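Read top to bottom, the protein sequences are chains L and E. Anchor point for the first sequence: position 165 equals 165 in UniProt numbering, and the numbering is continuous, going up by one each time. Anchor point for the second sequence: position 165 equals 165 in UniProt numbering, and the numbering is continuous, going up by one each time.
None of these hints come from the bench; they were simulated from the model. There may be inaccurate statements among the hints.
Remember, identical chains collapse to one label, so a pair may be satisfied in a single copy or spanning two.
Straight-line distance between alpha carbons at most 27 Å, and here's what the computed DSSO-like set of lysine-lysine pairs gives [stated by the list, open to error]:
1. LYS72 to LYS199
2. LYS14 to LYS36
3. LYS137 to LYS119
4. LYS131 to LYS50
5. LYS103 to LYS199
6. LYS36 to LYS17
7. LYS131 to LYS161
8. LYS161 to LYS207
9. LYS17 to LYS208
From a predicted model like this one, the values you see are computed outputs, not experimental measurements.
Next come the chains, spelled out residue by residue.
There are 2 protein chains.
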Amino acid sequence: MQNLLNEVVEEVVKRVKREAFIEVEASGRHVHLSEKEVESLFGKGYTLTKLRDLSQPGQYACKERVTISGPKGSIKNVIVLGPCRKETQVEVSLTDSSSLGLKAPIKQSGDLNETLGIKISTEHGEVILDKGLMIAKRHIHITPQDATKFDVCDNEIVQVKVFGCRPLIFDDVVVRVNENFKTNMHIDYDEANACGYTKESIAKIIKK
Amino acid sequence: MQNLLNEVVEEVVKRVKREAFIEVEASGRHVHLSEKEVESLFGKGYTLTKLRDLSQPGQYACKERVTISGPKGSIKNVIVLGPCRKETQVEVSLTDSSSLGLKAPIKQSGDLNETLGIKISTEHGEVILDKGLMIAKRHIHITPQDATKFDVCDNEIVQVKVFGCRPLIFDDVVVRVNENFKTNMHIDYDEANACGYTKESIAKIIKK
């Protein structure tokens with residue numbers, strides 16, 4: 001009886017959360033590679049090896065790892081995400097960018113304007129890019145159904161309150177609506193640490 | 001004439017800022033040592049050497065550096081702040097705490113309850129503490145005059161909006177009023193990176 005009660009309570013809490021809040025995910029540093037760069041770094045005809053699916057449908061973590069290098073230092077063991085993209089893009093935190101000795105701009109994923117050059121290497125090869133390094137701008141992926149529910153539209157700027165041991169309200173959060181998305185907010189590890197992120201963290205959209 | 005105009009404009013802007021906003025300072029990892037620990041780490045009768053004053057009156061950075069170590073790693077070259085305190089206290093960011101392999105609690109400076117044990121060492125000696133490691137809770141130092149101006153009181157919890165390239169509103173910010181303080185907000189480097197902190201960053205207190 002007690003077990004049943006717990007299960008019911010848990011399910012109700014889960015559904016209420018889903019109605020009023022969105023999930024938060026912290027993204028670690030990662031690299032999206034073009035097919036050309038995959039061949040330069042891993043060999044001719046090489047294809048990426050899927051390790052596990054990510055929350056966004058069609059996106060996956062690969063077993064391949066690379067080293068990224070700037071004028072002040074290198075970061076080893078950076079994960080490659082698949083599938084391949086048209087252009088190679090390296091996403092790091094501001095902490096990482098400082099340790100590389102670079103002042104990477106804060107950009108929306110996919111917008112490589114004004115991003116910085118960076119060296120990517122493996123034991124098989126290296127590429128020196130003239131652009132691609134960025135700090136990803138925090139954002140919300142949202143389905144059209146959830147966009148309607150939360151009354152937001154594509155490219156709208158909202159505030160998002162993250163609850164937890166270090167609560168804060170992220171300002172200037174861009175909303176991206178797409179029917180292929182799963183609804184959640186993406187922040188980097190600087191932001192995750194600043195808000196005391198855990199896997200249970202939830203967030204509330206605040207209309208400006 | 002143009003120079004005079006610029007100077008006047010700059011001064012007016014500075015004064016307006018001072019009226020409506022507070023300054024923000026990012027605190028790096030640091031150690032406050034008791035006299036006993038100073039002797040254990042640097043030798044009998046040793047006294048700390050002041051390098052430069054900090055913004056809070058009476059507080060200073062010392063030339064002494066220590067290494068702090070946890071189960072997963074060490075951080076070298078951690079600055080010692082003076083003067084000595086009754087109890088040794090080690091303040092790190094959540095990023096640092098993870099790299100040490102420890103889950104340090106977020107605490108108000110001076111409150112060592114539930115803080116973690118940590119090893120501190122130099123080339124002259126080492127101490128193994130059973131408490132003292134914390135992540136400092138973000139806070140505002142404020143003079144009684146400014147507290148009146150901003151309508152806040154000691155231990156009040158407020159929100160603080162930080163302006164800049166990555167604007168956000170820190171929630172749950174504790175106000176500490178003391179006539180010996182200089183008015184400014186203290187955050188750590190995770191929080192600094194999350195809000196795109198620069199030395200020009202300013203913040204506005206929002207009453208809850």
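- Item | List of violated hint numbers, smallest to largest | 2, 6 and 7
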